[in-house]
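Undergrad: The lines below spell out each chain.
Protein chains: 2
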Amino acid sequence: MTRARSAERRAEILRATLEVIAERGYRGATLGAVAERVGLTQQGLLHHFPTKEALLVAVLEERDQWDALPSDSWRLDLVASLVDYNAMRPGIVQTFSALLGESVTDDHPARDFFTRRYVTVRANMASVLRGAYGERLPGGLTPERAAVLMVAAMDGLQYQWLLDPDSVDMAESFREFLTLIEGRPGTTDEAADTD
Amino acid sequence: MTRARSAERRAEILRATLEVIAERGYRGATLGAVAERVGLTQQGLLHHFPTKEALLVAVLEERDQWDALPSDSWRLDLVASLVDYNAMRPGIVQTFSALLGESVTDDHPARDFFTRRYVTVRANMASVLRGAYGERLPGGLTPERAAVLMVAAMDGLQYQWLLDPDSVDMAESFREFLTLIEGRPGTTDEAADTD
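Protein sequence lines, in the order shown, are assigned to chains A and B. Reminder that position 128 of the first sequence reads as 128 in full-length UniProt numbering, one-by-one numbering, no gaps. Reminder that position 183 of the second sequence reads as 183 in full-length UniProt numbering, one-by-one numbering, no gaps.
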């Protein structure tokens, strides 16, 4: 197989995996189900991705590339829009959250991916915050300190939302978090009703 | 076995599991390792806890009982102290975080535990916040809305800290989060250096 053909096949497998994840969630995204979708034997699929974890990490890396914007165009409302968008794709959020959970155990194959990813994501978020507010946010934190909390809030909200979507509005809660780091109380609808 | 004897044995198993978790983490806390620690066969252990998940959920429930304070004595600085305390017990935090990750997948045995737990924890946190600030926090949110974010920040920080403890100071970041919901910028040491 030529290198171009192999890259094409790889991209096809990742698209198929994303479809299977959307339809059947993290548990349903087995190597067998993905192999069937792309018309490969499981052995053939293993040639491209040696384990389920390797396949799912590749899907998450691919998603990060699609989600990424040129660093100079990052705006805080785009981050909120990304959370809105995630609320419409529970399968991939479930996959991210399940794999993140596994990754904190010793020697997990996805541990390195998530560790590196957080370094990058925190730096990107700090850059967005610096672009919007300079060296000190209205809420009092530096962009770097606020970035840690912004990423934590996004991830933490995902778990509460996945477990109980009727009780937790992930996108609305994230916008409320933004009002906190922006230091502008009373700007959400809910806050407006008594102040 | 009498009921009292069985409850005693159960408590002994939970203590042993906590020790194994502290020493070997989530992955090392196998049914075999726990059985050996308490001098039971694996079959004997299965009599008390039918699966590893059931055993670990029982450990987390037990931890919640120890961590809980009478609802009228909850104060916000005690919540921050709980995060300080968690920073000294990575094994149980790893177990919580790994099991939470698994629980968002379909039909996972721990899903019900975490869903119910979040309902309770959000209500407890809202009650703490209401006790401290009344119906509207200085940062503008209601106690219920802030509670969602407070729990999300705690959980999200745990993942970043478990993956990269040298880069993320979970306890310090959580105190910074509290300054945001309290709407008192510039009260952390770091914020004080330029304002």
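Note that these hints are calculated values from the structure, not bench results. Honestly, I wouldn't trust all of these hints.
To be verified - A few chain B residues that don't get close to chain A, going by computed Cβ distances all over 10 Å: (1) Glu19; (2) Val20; (3) Ala33; (4) Leu60; (5) Gly140.
Claimed, not checked - Using C-beta positions, here's what the derived DEER-type ranges look like: (6) A/Gly44 - B/Gln43: 38 to 48 Å; (7) B/Thr115 - A/Arg3: 29 to 39 Å; (8) B/His47 - A/Gln65: 23 to 33 Å; (9) A/Ser6 - B/Arg75: 55 to 65 Å; (10) B/Asp106 - A/Asp67: 21 to 31 Å; (11) B/Glu53 - A/Ser127: 48 to 58 Å; (12) A/Gly39 - B/Pro138: 20 to 30 Å; (13) A/Arg10 - B/Glu23: 55 to 65 Å; (14) A/Gly131 - B/Glu36: 27 to 37 Å; (15) A/Asp106 - B/Glu62: 18 to 28 Å; (16) A/Asp112 - B/Glu23: 36 to 46 Å; (17) B/Thr30 - A/Arg3: 35 to 45 Å.
For glycine and all other residues, C-beta sits at the position ideal for the given N, C-alpha and C.
Undergrad: Now tell me, hint by hint, if it's right for this structure.
TA: Hints, verified against the model:
1. With a closest Cβ-Cβ approach of about 17 Å to chain A, B/Glu19 is found to remain outside the 10 Å limit, as its non-interface label requires.
2. A cut-off of 10 Å between C-beta atoms confirms that B/Val20 is not in contact with chain A; the least separation is 14 Å.
3. Residue-level check passed: B/Ala33 sits 14 Å from the nearest beta carbon of chain A, beyond 10 Å.
4. Every C-beta of chain A lies more than 10 Å from that of B/Leu60, the closest at about 13 Å, which supports listing it as non-interface.
5. A beta-carbon of chain A comes within 10 Å of the beta-carbon of B/Gly140; the shortest separation is about 3 Å.
6. Checked against the given bound of 38 to 48 Å, the beta carbons of A/Gly44 and B/Gln43, roughly 41 Å apart, stay inside it.
7. The hinted range of 29 to 39 Å is not satisfied by B/Thr115 and A/Arg3, whose Cβ atoms lie roughly 47 Å apart.
8. Roughly 50 Å separates the CB atoms of B/His47 and A/Gln65, a value that falls outside the hinted 23 to 33 Å.
9. Distance hint check for A/Ser6 and B/Arg75: the Cβ-Cβ separation is about 60 Å, which falls inside the suggested range of 55 to 65 Å.
10. Between B/Asp106 and A/Asp67 the CB atoms are about 25 Å apart, so this pair conforms to the stated range of 21 to 31 Å.
11. Separation of B/Glu53 from A/Ser127 is about 40 Å and departs from the stated range, judged on CB atoms against 48 to 58 Å.
12. Evaluation of the 20 to 30 Å hint for A/Gly39 and B/Pro138 yields a failure: the beta carbon distance comes to about 60 Å.
13. Separated by about 41 Å at the C-beta atoms, A/Arg10 and B/Glu23 break the suggested range of 55 to 65 Å.
14. The beta-carbon spacing between A/Gly131 and B/Glu36, approximately 56 Å, falls outside the hinted interval of 27 to 37 Å.
15. Take A/Asp106 and B/Glu62: their Cβ atoms lie about 23 Å apart, and the range 18 to 28 Å holds.
16. Distance hint for A/Asp112 and B/Glu23: a CB-CB separation of about 24 Å, inconsistent with the stated range 36 to 46 Å.
17. Remark: the range hint 35 to 45 Å for B/Thr30 to A/Arg3 is upheld by a beta-carbon distance near 43 Å.
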